[in-house]
Amino acid sequence: MSVVTLSRQLGSLGSQVARQTADLLGYRLVWRDLINESALRAGAPSTALAVIDDLGLLGISLSKKEVRAFRKALRQVMEELYATGNVVIVGRAGQITLHNKPGVLHVRVFAPPDLRAERIAARQQISLENAAAQVEASDKNRRKFLKRFFKTDWDDLQLYDLLINTAHLNVEQSARLITQALASLPGMDPAGSFG
Amino acid sequence: MPPSSHKKNPSPSSSIPRHIFSHPAEEAFATILDYYGVEWEYEPRTFPLERDEHGNITEAFRPDFYLPQQDLYVELTTLRPKLSTKKNHKLRRLKELYPEVNVKLFKRKEMRDLLVKFGLYDQAAKIAGTKSQNLAP
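Order-wise, the sequence lines are chains Z and E. First residue of the first sequence: 1, per our numbering; consecutive thereafter. First residue of the second sequence: 1, per our numbering; consecutive thereafter.
Certain hints may be false.
What the hints assert, rightly or not - Keeping only pairs whose Cα atoms sit at most 20 Å apart, straight-line, the calculated PhoX-like set for lysine-lysine is:
hint : chain 1 : residue 1 : chain 2 : residue 2
1    : Z       : K64       : E       : K104
2    : Z       : K72       : Z       : K140
3    : E       : K104      : Z       : K65
4    : E       : K104      : E       : K87
5    : Z       : K140      : E       : K87
What the hints assert, rightly or not - Just a sample of chain E residues kept apart from chain Z, beta carbon distances all over 12 Å, derived:
hint : residue
6    : F21
7    : S22
8    : E43
9    : R45
10   : L49
11   : D52
12   : G55
13   : R62
14   : L67
15   : P68
16   : Q70
17   : D71
18   : R93
Just so you know, these hints were derived from the structure itself, not from any lab. Beta carbons are placed, not taken as given, at the ideal position from N, Cα and C, and that holds for glycine.
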């Protein structure tokens with residue numbers, strides 16, 4: 001049983017890398033359902049929207065009680081996923097909640113801001129200026145999420161085992177790198193199972 | 001799903017049936033949900049709040065959106081204090097009668113500014129030039 005957590009920046013192609021990695025490994029891909037399930041368990045469903053709201057478009061403010069409840073529920077859901085194994089977890093503090101757990105590989109996918117803005121502009125057919133604003137807001141809000149919920153710096157390199165810059169590596173190459181790194185973890189057998 | 005439901009769509013310029021909305025702010029909100037890939041249904045349920053002696057519904061509340069993945073109803077509220085007060089009263093009543101129902105109020109002012117900033121101009125322009133939302137029946 002093993003787990004990949006994947007933290008990514010908007011426009012870094014991290015989502016595509018996560019999908020491709022899950023396909024290559026035959027693992028389940030867990031994404032938004034992690035947030036929704038945690039929010040429902042916390043009894044604060046609007047927390048899910050606040051967490052999803054990368055750009056701050058909805059302007060939802062959370063109480064300390066909601067933050068605590070969500071954090072606790074998120075940890076529970078994450079632990080359950082870890083116990084089940086064979087899963088790629090995208091975003092939402094997997095690199096913190098499952099830090100130092102055996103059989104878990106923590107990946108960060110990134111790219112230069114200018115390149116990310118170009119990708120967003122092309123994908124959404126918006127101006128480069130608007131795309132750059134999205135990139136900036138997303139970085140800010142994702143950083144803020146980890147700070148507020150876990151008092152942790154998103155950019156702390158100690159949180160990650162593998163850093164991938166998609167300025168030079170495509171989605172396929174990135175996913176293959178992840179599978180190779182996962183197989184190289186201590187205790188992993190060649191088939192990718194944790195021993 | 002009812003006819004007015006909408007599954008997640010990764011593109012903000014998706015083919016949402018825009019004609020179903022009674023206010024541009026609702027359309028903008030749907031655009032944001034689509035941007036984030038959040039499933040939504042538009043006005044799928046009416047909650048009776050008061051009945052007369054014959055059992056006829058005299059007051060009801062119909063939230064603008066239901067988000068099935070979050071099990072959350074969303075009501076977009078006007079910034080006009082008078083209408084806000086009425087809506088808040090209905091929401092309080094809703095929570096009394098249906099404590100299991102999750103409802104969240106959103107003000108639309110914040111949405112407009114950010115839609116402009118992030119390139120969703122069409123929706124922002126519509127919000128800017130319209131009157132406040134009428135209360136649901």
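Straight-line Cα separation of Z/K140 and E/K87 no greater than 20 Å?
The hint is violated at about 33 Å.
Agreement of E/K104 and Z/K65 with the hint, judged by alpha carbon distance not exceeding 20 Å:
holds, 17 Å
Report holds if the minimum CB distance from E/Q70 to chain Z is greater than 12 Å, and violated otherwise.
Violated: least Cβ distance 4 Å, not greater than 12 Å.
Quick one: work out the minimum CB distance from E/D71 to chain Z and report holds if it exceeds 12 Å, violated otherwise.
Per Cβ check, E/D71 is inside 12 Å of chain Z; nearest 5 Å; violated.
May I ask you to check that E/S22 keeps its beta-carbon over 12 Å from the closest beta-carbon of chain Z?
Label holds. Min Cβ-Cβ 20 Å, cutoff 12 Å.
Would the least Cβ to Cβ distance between E/L67 and chain Z come out above 12 Å?
violated, 7 Å
Status of E/E43, Cβ more than 12 Å from any chain Z Cβ:
holds, 18 Å
Within 20 Å, alpha carbon to alpha carbon, are E/K104 and E/K87?
holds, 12 Å
Pairwise hint evaluation, Z/K140 against Z/K72, where the allowed Cα distance is 20 Å at most:
violated, 23 Å
Distance rule for E/D52, whose beta carbon must clear each one in chain Z by more than 12 Å:
holds, 33 Å
Reported absence of E/R45 from the contact zone with chain Z (all CB gaps over 12 Å)
Fine: 16 Å to the nearest Cβ keeps E/R45 off the interface.
A cut-off of 12 Å on Cβ-Cβ distance, and E/R93 was said to be off the interface with chain Z. Does that hold?
holds, 20 Å
Hint check: violations occur at hints 2, 5, 14, 15, 16 and 17; the rest are consistent with the structure.
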